[in-house]
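First to last, the protein sequences are chains S and Y.
The opening position of the first sequence corresponds to residue 1 in the numbering used here, with each subsequent residue numbered one higher.
The opening position of the second sequence corresponds to residue 1001 in the numbering used here, with each subsequent residue numbered one higher.
A hint or two may mislead.
Claimed, not checked - Stretch by stretch, here's where chain S covers chain Y in the computed footprint (C-beta under 8 Å, at least three residues):
| id | stretch |
| --- | --- |
| 1 | 1008-1014 |
| 2 | 1063-1073 |
| 3 | 1307-1314 |
| 4 | 1374-1387 |
Said to hold, decoys possible - A short, non-exhaustive set of chain Y residues, derived as facing chain S with CB atoms under 7 Å:
| id | residue |
| --- | --- |
| 5 | Ile1036 |
| 6 | Glu1042 |
| 7 | Ile1043 |
| 8 | Leu1053 |
| 9 | Lys1057 |
| 10 | Arg1113 |
| 11 | Pro1117 |
| 12 | Asp1197 |
| 13 | Arg1198 |
| 14 | Ala1200 |
| 15 | Ala1226 |
| 16 | Phe1229 |
| 17 | Leu1265 |
| 18 | Val1349 |
Claimed, not checked - The calculated lysine-lysine pairs, modelled on DSSO-like cross-linking and capped at a C-alpha distance of 30 Å, are:
| id | chain 1 | residue 1 | chain 2 | residue 2 |
| --- | --- | --- | --- | --- |
| 19 | S | Lys391 | Y | Lys1033 |
| 20 | S | Lys3 | S | Lys177 |
| 21 | S | Lys3 | Y | Lys1057 |
| 22 | Y | Lys1057 | Y | Lys1095 |
| 23 | Y | Lys1033 | S | Lys33 |
The hints are simulated quantities; they were obtained by calculation from the structure and are not laboratory data.
Everything numeric in this text was worked out from a predicted model, so none of it was measured.
Every residue, glycine too, gets a C-beta built ideally from N, C-alpha and C.
There are 2 protein chains.
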Amino acid sequence: MSKGRRFQAPRGTRDFPPPQMAVRRHVEAAWRKASIDCGFEEIEGPTFEHLDLYTVKSGEGIVSELFSFTREGGDDVYALRPEFTPTLARMAAAKGRSLALPTKWFAIPVHYRAERPQRGRLGEFLQWNVDVVGLDAPLGEVEVLEPAILALERLGLGPEDVEIRLSHRDAIAGLLKALGVAEAQVPAAFELLDRLDRLAPEEFARRGATLDLDEAAIERLRGLGARRFDLGDGAAPIARALGVDPTLLESLEPLREALEARGLLPWCRFDPGIVRGLAYYRGIVFELHERGGGERAVAGGGRYDGLIALLDGPDLAACGMGMGDVVLSLILGDRGLLGDDDGESLMPVPDAFVVALDDEAASRLPGLVATLRRAGLHVRHSHRATRNLGKLLSEANRCRARSAVVLDAGVANDLATVKDLASGEQREIALGQLAASLTP
Amino acid sequence: MSKGRRFQAPRGTRDFPPPQMAVRRHVEAAWRKASIDCGFEEIEGPTFEHLDLYTVKSGEGIVSELFSFTREGGDDVYALRPEFTPTLARMAAAKGRSLALPTKWFAIPVHYRAERPQRGRLGEFLQWNVDVVGLDAPLGEVEVLEPAILALERLGLGPEDVEIRLSHRDAIAGLLKALGVAEAQVPAAFELLDRLDRLAPEEFARRGATLDLDEAAIERLRGLGARRFDLGDGAAPIARALGVDPTLLESLEPLREALEARGLLPWCRFDPGIVRGLAYYRGIVFELHERGGGERAVAGGGRYDGLIALLDGPDLAACGMGMGDVVLSLILGDRGLLGDDDGESLMPVPDAFVVALDDEAASRLPGLVATLRRAGLHVRHSHRATRNLGKLLSEANRCRARSAVVLDAGVANDLATVKDLASGEQREIALGQLAASLTP
């Protein structure tokens, strides 16, 4: 008989039972450690901001993509944050001239999108943000790409799995002009290039024609967005392959050198189709994609000089990278990099599982368990009434404890038996030595 | 000249620049480690739920305390979560009969309140939740209090700083009846007791009179809420002090024994004034308070058997504890337990700060830094153009690096000088040995 009312999590949000939470913490830990190793300092901000903070940066069009609300009796309109960059820029602006330069910040905030959820794109998701304020291109870009790659490597991915698709808006503008796009039409051509994957060929051709391009030029524009080039030999071979003057691509050279110095070049390809729709990006833009290309972008970023000044702060160079947890987890899962048990094997392992085989032992158990926990050990015990050693040990094995601590008549002499549950080895240990002997 | 538009964080929310974030991570780490050591498994849920999930549990009155919103074009009304228990109960209900018993879950979610912010009570805050499903009183209660105390101890607090104020609704009901409160008036008397701290004496007396209590009984009711009793000697001395039959307090005895077995008794006092307004609590209820008593409760909790069944799950025993970060951080800060520098000393310490003293060294620096970071070391370097060793070392000291790695002419022979920045000791190290020699 159904006695109560059943609720579901809101559409596009997720519950994280322990194994799924272990996956989330595993990814977050790799993100955090890579950030810190690369000298970034962690920050956080509110989960919601004044709605205007987002429209000032992205225009009124963003409002329909946001969850917005007011406080009862208040006039302010708030929105759940769809991204972190406005919060970061607001915090940097608030520091004003006291901000140390460069400032390297990272954050692992929750973000929200009010659109209909799709594969790889949920209503609520985590996104790792890595930002550098006060470094020009290409140094800032390389600084934010370094932890991204370090984290992916530590999660088990290599350049054969994921690639950094880089572009440079100056280089693309040059290529577009070489195709015959008029200066005034360059922004519209950028937008078209950005939508290449999402537009049917006829629609792409129709929009291309509005740029005063002939059929051949439209084909070459489409070709720009469909090709990727090795960056290892510099701009000259790319220019040859595209049939353009190599000086059009010279903005790529300092980037290539900086990527090479950090050992990042094997991950990188020049992708003239990477535009990043967000209007405030400048210069270098990039996305990280699964090499197969089946999923949405794992990460994306670029340069947003000027945003901090827009929020009344100093006029500072800035660039950043955002990596979401949803696509990344799909890629890791597909490759078996999250274990073969949906996260169970990523859960914390108990150092000891304590069992009591008689009443005297049972009365000593809570105090002993408390002492071991106070010593920093992860300790569990059975809540069942059984004194059957076999049943108790199988409970210890189910929670994957490293050792079982068996309390029997020996406790009268302050002794316990410690059984290594992997090797089966047993030792008698004085209770006073138990914490030390169980410490890994 | 102000060029842009200045934004503030929404009222009642916080920005966390790096030192404040280090404080937050310090508290969270203590919460997480204590939970895991005590055998709890971490979960998370959505930041917002269907509004009805909260009204089903707490009644329509809660709506004015919530931030609520809809999705454009959708009918569902959502609310930012004011607490975690409904989400946890929903997740437990969804598991149904497959839920292992007992289930011990913890979470460190962000919560929201739409009311006007006050000291110790913000619009957005973290709350550590520790819950046990499937254990009856008092075992469940002791299971959730154990990690709470373990975390406080590790943060530097002792029973001289914080106390657990415990009560038992059965015991209080007995005491109220002994005062002459009619059975039907017991819930109203509970509510009055719960508001004792917030009501002016005249208002308290006026409301007491509506319970058909005479002046002397009202005074004794007020007295109930103003006294706390050592639990160490059991219920008998408390009953004597209150002038009531000791059988009225017998529900405290099993609790006292269980607290003693885990070593928690020194932290605990019986406080007949602890009621916990939340209507769904049953049996034992508790709050953790600063012993001085100046701040709001650090934590609170109790038993909520029946809630999972209310959400269409099995009828399971359950109890839990919630500890917020706001009051706790005030208490830790007041006692100097967060360092004397607003969190700076809690920030991650670089293992090495690498400096280059000539062009050849500078060209080797990015690759060397990348190699050290890939080895798991936290490594920084200067972004300034200077080759002045003194200036570079003072930058290394400012970020509190453990060692400076000085690259000079020696790099031609693959050598670097490593300087311990605490002791001043210097050693020459082969570049290939650098990672190993810097690993703490």
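Verification of the supplied hints:
no. : hint                       : verdict
1   : 1008-1014                  : holds (count 6)
2   : 1063-1073                  : holds (count 6)
3   : 1307-1314                  : holds (count 5)
4   : 1374-1387                  : holds (count 8)
5   : Ile1036                    : holds, 5 Å
6   : Glu1042                    : holds, 5 Å
7   : Ile1043                    : holds, 5 Å
8   : Leu1053                    : holds, 5 Å
9   : Lys1057                    : violated, 10 Å
10  : Arg1113                    : violated, 10 Å
11  : Pro1117                    : violated, 11 Å
12  : Asp1197                    : violated, 25 Å
13  : Arg1198                    : violated, 21 Å
14  : Ala1200                    : violated, 25 Å
15  : Ala1226                    : violated, 32 Å
16  : Phe1229                    : violated, 23 Å
17  : Leu1265                    : violated, 12 Å
18  : Val1349                    : violated, 10 Å
19  : Lys391(S) with Lys1033(Y)  : holds, 28 Å
20  : Lys3(S) with Lys177(S)     : violated, 69 Å
21  : Lys3(S) with Lys1057(Y)    : holds, 14 Å
22  : Lys1057(Y) with Lys1095(Y) : holds, 19 Å
23  : Lys1033(Y) with Lys33(S)   : holds, 18 Å
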